[in-house]
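Participant: Full structure from sequences and hints, please.
Protein chains: 4
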Amino acid sequence: MTHTLKVLALNGSLKPSPEFSNTEDLIQLVLNYMAAVDGVVIESEVLRLADLNLELGVKAKMGPEDEWPAVSTKMLAADVVLFGTPIWWGGMSSLMQRVMERMDDFDEQYMRQGRNLLYNRVAGIVITGAEDGAQSIMGRLMSSLNFFGFTLPPEAVAYWVGEVGMYDPEDPEVRRRNRTTDMMAQKLATNLAFYAVLLKAWPLEFDAATKEKT
Amino acid sequence: MTHTLKVLALNGSLKPSPEFSNTEDLIQLVLNYMAAVDGVVIESEVLRLADLNLELGVKAKMGPEDEWPAVSTKMLAADVVLFGTPIWWGGMSSLMQRVMERMDDFDEQYMRQGRNLLYNRVAGIVITGAEDGAQSIMGRLMSSLNFFGFTLPPEAVAYWVGEVGMYDPEDPEVRRRNRTTDMMAQKLATNLAFYAVLLKAWPLEFDAATKEKT
Amino acid sequence: MTHTLKVLALNGSLKPSPEFSNTEDLIQLVLNYMAAVDGVVIESEVLRLADLNLELGVKAKMGPEDEWPAVSTKMLAADVVLFGTPIWWGGMSSLMQRVMERMDDFDEQYMRQGRNLLYNRVAGIVITGAEDGAQSIMGRLMSSLNFFGFTLPPEAVAYWVGEVGMYDPEDPEVRRRNRTTDMMAQKLATNLAFYAVLLKAWPLEFDAATKEKT
Amino acid sequence: MTHTLKVLALNGSLKPSPEFSNTEDLIQLVLNYMAAVDGVVIESEVLRLADLNLELGVKAKMGPEDEWPAVSTKMLAADVVLFGTPIWWGGMSSLMQRVMERMDDFDEQYMRQGRNLLYNRVAGIVITGAEDGAQSIMGRLMSSLNFFGFTLPPEAVAYWVGEVGMYDPEDPEVRRRNRTTDMMAQKLATNLAFYAVLLKAWPLEFDAATKEKT
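Chains as they are written, first to last, in numbering that gives the first Met the number 0: chain A, 0 to 213; chain B, 0 to 213; chain C, 0 to 213; chain D, 0 to 213.
It is worth saying that the hints were derived from the structure and are not from the lab.
Careful, some of the hints might be misleading.
Because identical chains cannot be distinguished in the list, a pair is counted as satisfied if it fits within a single copy or across any two copies.
[Unchecked claim] The calculated DSSO-like cross-link candidates involving lysine-lysine, where the alpha carbons are at most 27 Å apart (straight line), are:
#1 Lys60 with Lys73
#2 Lys58 with Lys73
#3 Lys5 with Lys73
#4 Lys60 with Lys199
Note that this is a predicted model, so its numbers are computed, not measured.
Facilitator: Printed below as a string of structure tokens:
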């Protein structure tokens, strides 16, 4: 039996298309490994956040030019969401932090409706940085995504960081040669697929309001 | 059908038994809610880390007096592990950090054997603090527990923090009255039970070495 | 003798003027306490980041509409810079993270010229949040500001966070009544003034290239 | 004129003496650079925390065998304190976290006496890790040390981290060759010396109780 999984990947790079993005390159590697998982077909889309107009604020729509509603619709339709970000001064990019702020509206809806909208979706994380900070950002993202209702499979992250002061941290070949990052990408892909298939077959469907299983 | 779940709770409070521990009180609330989930029976044990001799180091056993081997054996036998810690100066307690260091040996075994020992176990987090730091510690714990192979269900945390400079942050009644913390405990219990039952029925069993599903 | 100190405050609130901002209200309290320090006169300016167009990127100027150059010029002219941010999902606001990204160019200039441009400037931090995360954000900001060359006086932060799930975290009166936050603001103001006066009188002027004191 | 500075260095390595410690090796490099600063003579002591019995708890003395009182006495007598720690699963070592917990008593004394005991002391940070997490730990330590009253000079940290999955992160030669880490150590030494001399000459002496300058 073949399972079709919809995968949405958000790339929080500061660079708009068509500039080369290390984060996107690693996202693509994870997508390739997902496509290679037995019994799984993926339909994927990668959004470069720097190409979009994600307005400031925490409401579902912040003005007529705001492109967040299109992103949130795609997120709700996905089985798997990949959050990819570079590291800037120890933090996720301002674009990925903007996504966290915009997702606040999901939490508002949860409070009003008693049901977490993102249950039964699986999240993965991709991080690239010059030399340091991946695990801290991973923790930041996991703590937020977990409250938003995502399921985080084991080994939910693929990252690359270089040695402190490394001469060529932006060179994609250095990262591509790194066997640990490659293994992380493969493991992440496998586990995302497993949990996504599992939750489609056996969804978490407790109705928070009535405590009845629907 | 009734599922029996083994739950191990680690309390990282700095206070040995029989002193009252706010962290343990909140752990107990989560256990009570787990016991109330339909179709689930729990067999639970709470270990107060301050009562144990967890030696310094990163090997499986660090000397004849070391009690970590008993803890790690119980962890491997559990379906659900609760990690409970107070907040001290923005961090998890030194006892819970010691647990992370001792779990490093699981990672060593993973590297040697190609299989993550803690797959198909579900982790939950309990944090109590005077006023600040729960989400940061939650992130720290999640990023480590995730690499160790645990599955983190949505809303994997119950925490209590008070207002900055609150007069009576140690008073358990203040915390017990807090409806948000109570709801977190209930949600955590429900989701731990759901994922633990799910993974017992449909375990993640890919063999990392052969890429064959066993 | 009276010392005149130029103070620049950046407010990273997501709300543009003239909406009420809790972060700005606490910034103003710190400025009031600074103005009350004996022997000190302050010339202050508060910039609401949501009112400015801070373009995405890490160059000194990112296009003709970019208002970062005006902000960076003011920062270099200041004796004291206050960084104020709300907490969103455990992180500083996307606007304050954007400031960190734009300050990256100071670091590029440092690498080229061998001198940290922001030496002898003193930084303070103001954080407001519903319930959690101030110390983690304080750490994030301090680790970045420290590399950028700022001096961080003891007790460099004034923050307010409420109890988890507090009913009215946005009500400024709740925060204004908090004696701990008030004392933090006063201490921050005093220490900022002391270190700013000190560094004007006795600046760190080692020439990194020659190791000679200029 | 020559200034004599007392420097206390705490090494939070998990390895007791006489095992080789990368953290201690980097601490020693910073001490060497401090000794080379013009006009400064240092009297330094390095304590290996793994050799000491730092009892669990938050009181000034936790039993007759507790060696924290000797450490805290040395800390209060020092002009400069170096906090050195390895990275374990994204956090400072359990020994360094234990130090933060024990320093809580300084804060208790501050609350009772209205004066921060550690004013006019300068802190520096040394971190070594296999591949990731230095800036996050730096932030954790800075946010705590700042509240404890230490002055953090610009560029207060020297760290080494390797590329993800690096084959030989424990090999000291790899770290010793790293020019960025070497420059950080030199800058840290220079700035610690400058601020320590400065604060001895012009101490922060506001009396918090009376608001009079003593």
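Participant: Hints first: check each against the structure and report whether it holds.
Facilitator: Hints and how they fare:
1. Lys60 with Lys73: within (15 Å within a copy, 33 Å between copies)
2. Lys58 with Lys73: Intra 17 Å, inter 32 Å, cutoff 27 Å: intra-copy only.
3. Lys5 with Lys73: within (9 Å within a copy, 38 Å between copies)
4. Lys60 with Lys199: Answer is neither: 29 Å inside a copy and 42 Å across each miss the 27 Å cutoff.
Violated hint: 4 only; the structure is consistent with all others.
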